[in-house]
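Whole structure, please, built from the sequences with the hints as guidance.
Protein chains: 2
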Amino acid sequence: MKPLLALYEKDQPFKWQQLNPARFEHHEDWFKAINPNGQVPALVDAGKVITESTVICEYLEDQYPTAVSLRPADAFDRAQMRVWTKWVDEYFCWCLSTIGWERVIKPMARALSDADFEEHVRKIPIPEQQTKWRNARNGFPQAVLDEEMRKIGVSFRKLEARLAQCTWLAGEQYTLADICNYAIAIDAPMIFPELANTRYTPHLVAWLERMDARPAVKRMMADCKLEFTPQKAAG
Amino acid sequence: MKPLLALYEKDQPFKWQQLNPARFEHHEDWFKAINPNGQVPALVDAGKVITESTVICEYLEDQYPTAVSLRPADAFDRAQMRVWTKWVDEYFCWCLSTIGWERVIKPMARALSDADFEEHVRKIPIPEQQTKWRNARNGFPQAVLDEEMRKIGVSFRKLEARLAQCTWLAGEQYTLADICNYAIAIDAPMIFPELANTRYTPHLVAWLERMDARPAVKRMMADCKLEFTPQKAAG
Chain L
1 MKPLLALYEK DQPFKWQQLN PARFEHHEDW FKAINPNGQV PALVDAGKVI
51 TESTVICEYL EDQYPTAVSL RPADAFDRAQ MRVWTKWVDE YFCWCLSTIG
101 WERVIKPMAR ALSDADFEEH VRKIPIPEQQ TKWRNARNGF PQAVLDEEMR
151 KIGVSFRKLE ARLAQCTWLA GEQYTLADIC NYAIAIDAPM IFPELANTRY
201 TPHLVAWLER MDARPAVKRM MADCKLEFTP QKAAG
Chain A
1 MKPLLALYEK DQPFKWQQLN PARFEHHEDW FKAINPNGQV PALVDAGKVI
51 TESTVICEYL EDQYPTAVSL RPADAFDRAQ MRVWTKWVDE YFCWCLSTIG
101 WERVIKPMAR ALSDADFEEH VRKIPIPEQQ TKWRNARNGF PQAVLDEEMR
151 KIGVSFRKLE ARLAQCTWLA GEQYTLADIC NYAIAIDAPM IFPELANTRY
201 TPHLVAWLER MDARPAVKRM MADCKLEFTP QKAAG
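Protein chains in written order, with this note's numbering: chain L, 1 to 235; chain A, 1 to 235.
None of these hints come from the bench; they were simulated from the model.
The beta-carbon is built from N, C-alpha and C at its ideal position, and this holds for glycine as well.
Keep in mind that the hints are not guaranteed to be accurate.
[Stated by the list, open to error] With the Cβ distance kept under 7 Å, some of the chain L side facing chain A (calculated, not the full set): (1) VAL55; (2) GLN63; (3) ALA75; (4) LYS158.
[Said to hold, decoys possible] List time: in silico DSS-like cross-link candidates among lysine-lysine, alpha-carbon distance up to 25 Å: (5) LYS151(A) to LYS123(L); (6) LYS158(L) to LYS132(A); (7) LYS32(L) to LYS151(A); (8) LYS32(A) to LYS158(L); (9) LYS86(A) to LYS86(L); (10) LYS151(L) to LYS123(L); (11) LYS132(L) to LYS132(A); (12) LYS15(A) to LYS225(A); (13) LYS48(A) to LYS151(L); (14) LYS10(A) to LYS48(A); (15) LYS132(L) to LYS48(A); (16) LYS15(A) to LYS48(L); (17) LYS151(L) to LYS86(A); (18) LYS48(L) to LYS225(A); (19) LYS32(L) to LYS151(L); (20) LYS132(A) to LYS151(L); (21) LYS32(L) to LYS10(L); (22) LYS158(A) to LYS132(L); (23) LYS86(L) to LYS132(A); (24) LYS151(L) to LYS225(A); (25) LYS86(L) to LYS32(A); (26) LYS158(L) to LYS48(A); (27) LYS158(L) to LYS15(A); (28) LYS32(A) to LYS123(L); (29) LYS32(A) to LYS158(A); (30) LYS151(A) to LYS132(A); (31) LYS106(A) to LYS86(L); (32) LYS123(L) to LYS86(L); (33) LYS158(A) to LYS86(A); (34) LYS218(L) to LYS32(L); (35) LYS86(L) to LYS48(A); (36) LYS151(L) to LYS15(L); (37) LYS32(L) to LYS86(A); (38) LYS158(L) to LYS86(A); (39) LYS86(L) to LYS225(A); (40) LYS158(A) to LYS32(L).
Shown next as structure tokens:
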């Protein structure tokens, strides 16, 4: 969703193709020819492939410096933006991801026969991803799930504290920091009502509502069926 | 070393203060007033604090666009640079780090009495870092060390494959991708002679030699005593 929303905010034309993880489309040869890691998203622009969602977002700003800028002009504010996008990639997305895998990928993987499952796993190019599929099928240990839930609570409280101080995560300007965090936190009050709600995280909830109300978000939601995101599926 | 080398390459004046991890200086109150996470590096510029080594490097380019540019002008090349700096932060630095902790932090932590150790751990603001200190003192399980060694091998082979194609990691221009990878790989042939050597990773070794020969690297090494980096200490 990160590059998708950046494209909508910047109003750039593009052709979008969604892959179905239930059919392991991102591990098919035609997609691995685009991204050898077999991971979404990938942007093909002028025949060149750019991978990694946060890197794609920065690329869009570098390559298409339109009137709508999603990066602060001030170098210090830009650094704050990057601390927030980096935190998503190194901490926030991972705890949510494990819970999503437990709730969505586990039943998907268990619905397959052993032979079919192994055939799919063989097509996954990254060893760590193979391990994650196997762990998801086995079910993550409760201690792992408990630790990830702790980190989710830490994450929501961190966002709440920041959004009590600023309108947007990098300060007073809407930036890639908001886009990258929104892509992960979007359904937090629905999936984790005990951790993200109007009583405990009012500023986080209000920020999510400000995000939901943005014209670009509304257009994206109307155009794109995003039901395969783990967050949506987990809900 | 990342921001330090970027500052030397850009020939910007700065005052440098090294902290001694053996005395837990980065967990002292005066430093936590600068970076509440109690982690180095931190850059103080015009009274503002910028943290996270890779973010600081990008900040230096944004704030000081000198004749020496450490980022490609082309947006696609810049994205490649960011894929490489991101990979350092999310994969490469962690496997090296665990081995460094096992070899350097473990004896350091074991040299303390239980009471002194607990007193130091209490001052560490990040729970995951507290856990890492405890794990290091206990000694990492052999399965963890084996997996990290596997990843170190993967990392060196990945760098070798790239450097067989290009002079520098982001292409034909020397960039932050080289600086960020050098900071981690600098002593690879000395610490892991079985994995990084002229026979198995000749292009990686040649790139390290090109890095070592850069005037900015030579000036940095002459000026700064870097003996407290885990890599140096592990050697």
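Against the structure, the hints come out as follows:
1. Given the 7 Å rule on beta carbons, the hint for VAL55(L) holds: about 5 Å separates it from the nearest Cβ of chain A.
2. Annotation: interface hint on GLN63(L) holds; nearest CB of chain A at approximately 4 Å, less than 7 Å.
3. At its closest, the beta carbon of ALA75(L) sits 4 Å from a beta carbon of chain A; the interface hint therefore holds under the 7 Å criterion.
4. The interface hint given for LYS158(L) is violated, since its Cβ lies 12 Å from the closest Cβ of chain A, which is over the 7 Å cut-off.
5. A hinted pair counts as satisfied when its Cα atoms are at most 25 Å apart, and LYS151(A) with LYS123(L) qualifies at roughly 20 Å.
6. For the proposed pair LYS158(L) and LYS132(A), the alpha carbon gap of about 21 Å is at most 25 Å, so the pair holds.
7. Simply put, LYS32(L) and LYS151(A) have alpha-carbon atoms about 22 Å apart, close enough for the 25 Å limit, and the pair holds.
8. In summary, the hint linking LYS32(A) to LYS158(L) is supported, as the alpha carbons are separated by about 18 Å, within the 25 Å threshold.
9. Of the pairs offered as hints, the one joining LYS86(A) and LYS86(L) holds, with about 9 Å between alpha carbons and a cut-off of 25 Å not exceeded.
10. Between LYS151(L) and LYS123(L) the alpha-carbon distance is near 31 Å, which puts this suggested pair outside the 25 Å criterion.
11. For the hint pairing LYS132(L) with LYS132(A), the CA-to-CA distance comes to about 22 Å; that is within 25 Å, so the pair holds.
12. For the proposed pair LYS15(A) and LYS225(A), the alpha carbon gap of about 14 Å is at most 25 Å, so the pair holds.
13. Proposed proximity of LYS48(A) and LYS151(L) is contradicted: the alpha carbons are some 28 Å apart, above 25 Å.
14. Of the supplied pair hints, the one linking LYS10(A) and LYS48(A) holds, its CA atoms being roughly 20 Å apart against a limit of 25 Å.
15. With a C-alpha separation of about 40 Å, the suggested pair LYS132(L) and LYS48(A) falls outside the 25 Å cut-off, and the hint is violated.
16. Distance hint between LYS15(A) and LYS48(L) is unfulfilled; the C-alpha atoms sit about 42 Å from each other, more than 25 Å.
17. For a cut-off of 25 Å, the pair hint linking LYS151(L) to LYS86(A) stands: about 22 Å separates their Cα positions.
18. Restraint check for LYS48(L) and LYS225(A): not satisfied, since their Cα atoms lie roughly 43 Å apart, outside the 25 Å limit.
19. The hinted pair formed by LYS32(L) and LYS151(L) fails the criterion: a straight-line CA distance of about 32 Å is larger than 25 Å.
20. About 16 Å separates the Cα atoms of LYS132(A) and LYS151(L), which keeps this hinted pair within 25 Å; it holds.
21. Pair hint LYS32(L) plus LYS10(L) does not hold up; C-alpha atoms about 28 Å apart against a cutoff of 25 Å.
22. Using a Cα cut-off of 25 Å, the hinted pair LYS158(A) and LYS132(L) holds, with the two alpha carbons roughly 21 Å apart.
23. Between the alpha carbons of LYS86(L) and LYS132(A) the distance comes to roughly 21 Å, so the proposed pair stays at or under 25 Å and holds.
24. Between the alpha carbons of LYS151(L) and LYS225(A) the distance comes to roughly 37 Å, so the proposed pair goes past 25 Å and is violated.
25. Only pairs whose Cα atoms come within 25 Å are accepted, and LYS86(L) paired with LYS32(A) is accepted, the gap being roughly 21 Å.
26. Only pairs whose Cα atoms come within 25 Å are accepted, and LYS158(L) paired with LYS48(A) is accepted, the gap being roughly 21 Å.
27. Of the supplied pair hints, the one linking LYS158(L) and LYS15(A) is violated, its CA atoms being roughly 32 Å apart against a limit of 25 Å.
28. Restraint check for LYS32(A) and LYS123(L): the C-alpha separation of about 46 Å exceeds 25 Å, so the hint is violated.
29. Restraint check for LYS32(A) and LYS158(A): not satisfied, since their Cα atoms lie roughly 36 Å apart, outside the 25 Å limit.
30. With a CA separation close to 19 Å, the supplied pair LYS151(A) and LYS132(A) stays within the 25 Å bound.
31. As the CA atoms of LYS106(A) and LYS86(L) are separated by approximately 29 Å, the hinted pair breaks the 25 Å bound.
32. The hinted pair formed by LYS123(L) and LYS86(L) fails the criterion: a straight-line CA distance of about 29 Å is larger than 25 Å.
33. A distance of roughly 14 Å separates the Cα atoms of LYS158(A) and LYS86(A); the hinted pair therefore holds under the 25 Å criterion.
34. Restraint check for LYS218(L) and LYS32(L): the C-alpha separation of about 31 Å exceeds 25 Å, so the hint is violated.
35. Between the alpha carbons of LYS86(L) and LYS48(A) the distance comes to roughly 19 Å, so the proposed pair stays at or under 25 Å and holds.
36. As the CA atoms of LYS151(L) and LYS15(L) are separated by approximately 36 Å, the hinted pair breaks the 25 Å bound.
37. Restraint check for LYS32(L) and LYS86(A): the C-alpha separation of about 21 Å stays at or below 25 Å, so the hint holds.
38. Note on LYS158(L) and LYS86(A): the hinted pairing holds, with a Cα-Cα distance of about 23 Å set against a maximum of 25 Å.
39. Only pairs whose Cα atoms come within 25 Å are accepted, and LYS86(L) paired with LYS225(A) is rejected, the gap being roughly 29 Å.
40. Taking the CA atoms of LYS158(A) and LYS32(L), the gap is near 18 Å; set against the 25 Å cutoff, the hint holds.
Comparing the model with each numbered hint stated earlier shows that hints 4, 10, 13, 15, 16, 18, 19, 21, 24, 27, 28, 29, 31, 32, 34, 36, 39 do not hold.
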